[in-house]
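Enquirer: Listed here are the chains, written in short residue letters.
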Amino acid sequence: MTGSLESSAGTREEPFSLIFERSRPGRRAWSLPEVGVDAPSIEELLPDELRRDEPPRLPEVSERDLVMHYTRLSQRNWAIDVGAYPLGSCTMKYNPKVAEDAAALPGFARLHPLSDDDLVGGALELLGTLERALCEATGMARLTFQPAAGAQGELTGLLIMRAFHRKQGNERKKVIIPDSAHGTNPASVSLAGWKAQEVPSDGRGLVDLGALKEALDEDVAGLMLTNPNTLGLFERDIVEIARMVHDVGGLLYYDGANFNSIVGVVRPGDMGFDIVHMNLHKTFATPHGGGGPGSGPLAVSGRLERFLPAPVLAWDDRAERWRWDHDRPDSIGRIHSFHGNFGINVRAYAYLRSLGPDGLRRVAERAVLNANYLRVLVGDAFPTAYPGACMHEFVASGKRFKKHGVRTMDAAKRLIDLGYHPPTVYFPLVVEEALMVEPTETESKETIDGLADALIQIAREAEENPDLLHGAPITTPVRRPDEARAARELRVRWTPE
Amino acid sequence: MDFLPHTAADDRSMLETIGLSDIGELFEPVPGSVRLEGPLSVPPALSEPELLDHLSVLARKSQGAADLVCFAGGGAYDHHVPSAVTALASRAEFATSYTPYQPELSQGVLQAVYEFQTLVCEIFGLEVANASLYDGANAVTEAVNLTVRVTGRERAVVAASVHPHFTDVLKTYTSGLGLRVDVVPFGDDGVVAWNEIDVGDAACVVVQSPNVFGRIEDLAGAVAAARGAGARTVAVSDPTAMGILRPPGAFGVDVAVAEGASLGNPMVYGGPYVGLFATTLDLVRQVPGRIAGETLDADGRRAFVLTLQAREQHIRRAKATSNVCTNQTLMAIAAGVHLSWLGPEGLRRVGEVCLRRTAYAARRLAAISGCRVRFEGTHFKEIVVQTPVPGAELVRGLARRGFLAGPALGRWFPHLDDCFVIAVTERRTEDDINGLAEAIEKELAER
Chain R
1 MTGSLESSAG TREEPFSLIF ERSRPGRRAW SLPEVGVDAP SIEELLPDEL RRDEPPRLPE
61 VSERDLVMHY TRLSQRNWAI DVGAYPLGSC TMKYNPKVAE DAAALPGFAR LHPLSDDDLV
121 GGALELLGTL ERALCEATGM ARLTFQPAAG AQGELTGLLI MRAFHRKQGN ERKKVIIPDS
181 AHGTNPASVS LAGWKAQEVP SDGRGLVDLG ALKEALDEDV AGLMLTNPNT LGLFERDIVE
241 IARMVHDVGG LLYYDGANFN SIVGVVRPGD MGFDIVHMNL HKTFATPHGG GGPGSGPLAV
301 SGRLERFLPA PVLAWDDRAE RWRWDHDRPD SIGRIHSFHG NFGINVRAYA YLRSLGPDGL
361 RRVAERAVLN ANYLRVLVGD AFPTAYPGAC MHEFVASGKR FKKHGVRTMD AAKRLIDLGY
421 HPPTVYFPLV VEEALMVEPT ETESKETIDG LADALIQIAR EAEENPDLLH GAPITTPVRR
481 PDEARAAREL RVRWTPE
Chain S
498 MDFLPHTAAD DRSMLETIGL SDIGELFEPV PGSVRLEGPL SVPPALSEPE LLDHLSVLAR
558 KSQGAADLVC FAGGGAYDHH VPSAVTALAS RAEFATSYTP YQPELSQGVL QAVYEFQTLV
618 CEIFGLEVAN ASLYDGANAV TEAVNLTVRV TGRERAVVAA SVHPHFTDVL KTYTSGLGLR
678 VDVVPFGDDG VVAWNEIDVG DAACVVVQSP NVFGRIEDLA GAVAAARGAG ARTVAVSDPT
738 AMGILRPPGA FGVDVAVAEG ASLGNPMVYG GPYVGLFATT LDLVRQVPGR IAGETLDADG
798 RRAFVLTLQA REQHIRRAKA TSNVCTNQTL MAIAAGVHLS WLGPEGLRRV GEVCLRRTAY
858 AARRLAAISG CRVRFEGTHF KEIVVQTPVP GAELVRGLAR RGFLAGPALG RWFPHLDDCF
918 VIAVTERRTE DDINGLAEAI EKELAER
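Sequence order for the protein chains is R and S.
Going by the numbering used here, the letters in the first sequence line up with residues 1 to 497, in that order.
Going by the numbering used here, the letters in the second sequence line up with residues 498 to 944, in that order.
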């Protein structure tokens, strides 16, 4: 059940050329019309000082060579369609193909974002239905689709938090985040103009209630929390945490990075959260695209609705259709050029409609089942940092291999040679030599058994043959790149020799 | 359909291994008081054919560039997306991969991004580019934030002829940081008279050329005004013009940004798009987001990695250059493939066809009685049409006659309530333009 990058002929070409190195003067792939109208020339229309005198050095290639180049490049890449991708926190689950067909329909793909509402009734109906479903799943009142990814959702939520406090007459000074939080949390807090204050995790790997109590005062705008947290553990004191934050007038922000493990089981709104962002590219199975696009809709409770970015969707009862409501005097303003990553939202809608209510719950259940099954299988080789059951992912520590001179990164690289994409390594920061594993619900028992066998084999090799791990990987188009050299001798673009 | 592989036997056997008897026990840490008691109230599951039928019905309820002749502009354009670009960017090896944190398994994405960065540098005449940002508005905002960091100043001077949504997003994004955004007006010719602008203590000047009216701004004047005040220049550009227009880098701008969706990506109701971001080498450590770099692997082979990651949120956390994590890599790959498909000659052809057909359209529409083209001077791809009828009404009338035009400008510029935009891409033929002109004539005649 393993994948491989070795099988495709041509992808191991050495050195693998850049598209610029395949360029030959006079070749072309482009096919475009002549100007064909009676109009002045470029020279007549553009004065000398506005005209480009030297063409950009773009490659000149035939379409055949272009297609071969990028096809072979694609084959030098891992993907969920190639094999297991158990990256903790990233939720690399299977992306259904029907969602691609949905997004490609011309009635979605060729819509202009500034069209009058009555020309885009189908798109607005899709968004309206999706908004209602996502609000139902999160226990929130309304949402905006503008954020293009989770981090943009975070900033949107924090700016709404700021607008709320401003209305209360006290903009406050800081936002509390756990020390296990994603890096985007403190970065978004800074961008929102607040100070991020970390609270430590306790011996359970959960928010330390004593430390939280100490940190809470009238300067606290809110608490950002991922639940389950980045250790894969459910914050079981969440109701108490919510009460404590609300008692000082703060708001509770739900980072939806791990929403996939509780959807259909428990809702952030019912736990006491006021603001929720979702990563549709995680929970709702839209493709990650090599690092993007994502989609990070931001949902809020009723008392924060007035602050959402404008415009928001509104149902026009009389006309019986959806429209954009731009008349939002308390809105924080616009956060995206248009309506967010609509094409991704179409895919998320297709996924949601495929699953239905029972399917959503089964997804959460099997995500947690798969993670715990793998956790137990590899428990001796890679014990978790904190004892007990996990949710959809678990964080193991590879620190016991350090005495053999083996780092977690070495184990990760060896896993590549055994046919799996490595888990996330060195995150969260609170675990030494962290290995963060999220199998996701779409991997079969056989795949997880194979992954477990590979991890157990690696643990044995770490003791018996550490050099095997130090030298890994050996089956890939390139072996370990020198990252220090990349930063030292900076080459971030091609230039002609 | 839930895409799950689990058989009942799998469930039983896996639960047994864990030491549980029921799958519900997995959620023991969730307090009973907040657990859902029944299923979510979301629409019922559909089979694949039912889902596709449902979506097709929804899709047919809208009218876009597949149904109407599209002259709509205002930041999104009906450009040709080459079949090869769609095919390559749709490859699952690109589309279903994650951020290239494990470079040995990610050479495809990393090299494609490195090539994209090079192509962006080439078209804008600058030295470094990042791996993409969310969209044009986000690129503008990140560029302004960069200038704030390097100058220590807290004010931006933004031309009123910059796309108003870009300026809105800039204001929203920086509202928590307290950045002051001063908007400077354009003249009767639709461009800013930069020699009359007092830049003062601003961190930067933000200028868009071609601007939201399609007019070419005086970039040299903007750079001079900024430099005279010790400020930086952020230029919003249009990649489809870069085969014919002198690039922003050649004018000495510090950061060039753009909405890059016109390269290789469909309009898809406004996203996913791709923010382009290029600057000078001395500012590379201030660049937001991911950057792919070249290095050697353990065997001395050329290899690509994400580099200078100490700028980014996952390392620098609260002190990162930006909070951006996920970007728009797949759109960037499509843009890169499109630029490689075009080559220098193709890019020039796109620019030439847009420029000259727009000039033709301007002349044709100006000949209509009661119809005027606002803002005299050279236009690239977009013109502003003024008639005695409110722009929004005329745009609606044109849609009924089979033409998608706009946006009407009244919402953005109240004094231009009788105006609307049309954009002429390489897809709009002489017949299309003549048809639009006749439709405007009829609209005006019947009022």
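Keep in mind that the hints were calculated from the coordinates and are not lab data.
Do not rely on the hints blindly, as some may be mistaken.
[Claimed, not checked] Far from chain R, by Cβ distances over 10 Å, these chain S residues were calculated: (1) M498; (2) F500; (3) I520; (4) L537; (5) G572; (6) R588; (7) R652; (8) D679; (9) E791; (10) S866; (11) T875; (12) P885; (13) F910; (14) E938; (15) K939.
[Said to hold, decoys possible] Distance condition first, Cα-Cα at most 20 Å in a straight line; then the derived PhoX-like pairs of lysine-lysine: (16) R:K213 - R:K174; (17) R:K174 - S:K816; (18) S:K816 - R:K167.
A virtual CB, placed ideally from N, CA and C, is assigned to each residue, including glycine.
Enquirer: Could you run down the list of hints and mark each one as holding or not?
Expert: Hint check results:
1. M498: Non-interface label on M498 of chain S violated, nearest chain R Cβ at 5 Å vs cutoff 10 Å.
2. F500: The claim is violated: F500 of chain S sits with its nearest Cβ about 6 Å from chain R, within 10 Å.
3. I520: Non-interface label on I520 of chain S violated, nearest chain R Cβ at 5 Å vs cutoff 10 Å.
4. L537: violated, 5 Å
5. G572: violated, 6 Å
6. R588: Its Cβ does come within 10 Å of chain R, the nearest being 4 Å, so this is violated.
7. R652: Non-interface label stands for R652 of chain S: nearest chain R Cβ at 16 Å, farther than 10 Å.
8. D679: The claim holds: D679 of chain S sits with its nearest Cβ about 16 Å from chain R, beyond 10 Å.
9. E791: Violated, since 4 Å does not exceed 10 Å.
10. S866: For S866 of chain S, whose nearest Cβ neighbour in chain R is about 21 Å away, the distance exceeds 10 Å, so it holds.
11. T875: violated, 6 Å
12. P885: About 20 Å separates P885 of chain S from the closest Cβ of chain R, which puts it past 10 Å; holds.
13. F910: holds, 14 Å
14. E938: holds, 19 Å
15. K939: At about 19 Å from chain R, K939 of chain S clears the 10 Å cut-off, so the statement holds.
16. R:K213 - R:K174: holds, 15 Å
17. R:K174 - S:K816: holds, 15 Å
18. S:K816 - R:K167: Not satisfied, since the Cα-Cα distance of roughly 28 Å exceeds 20 Å.
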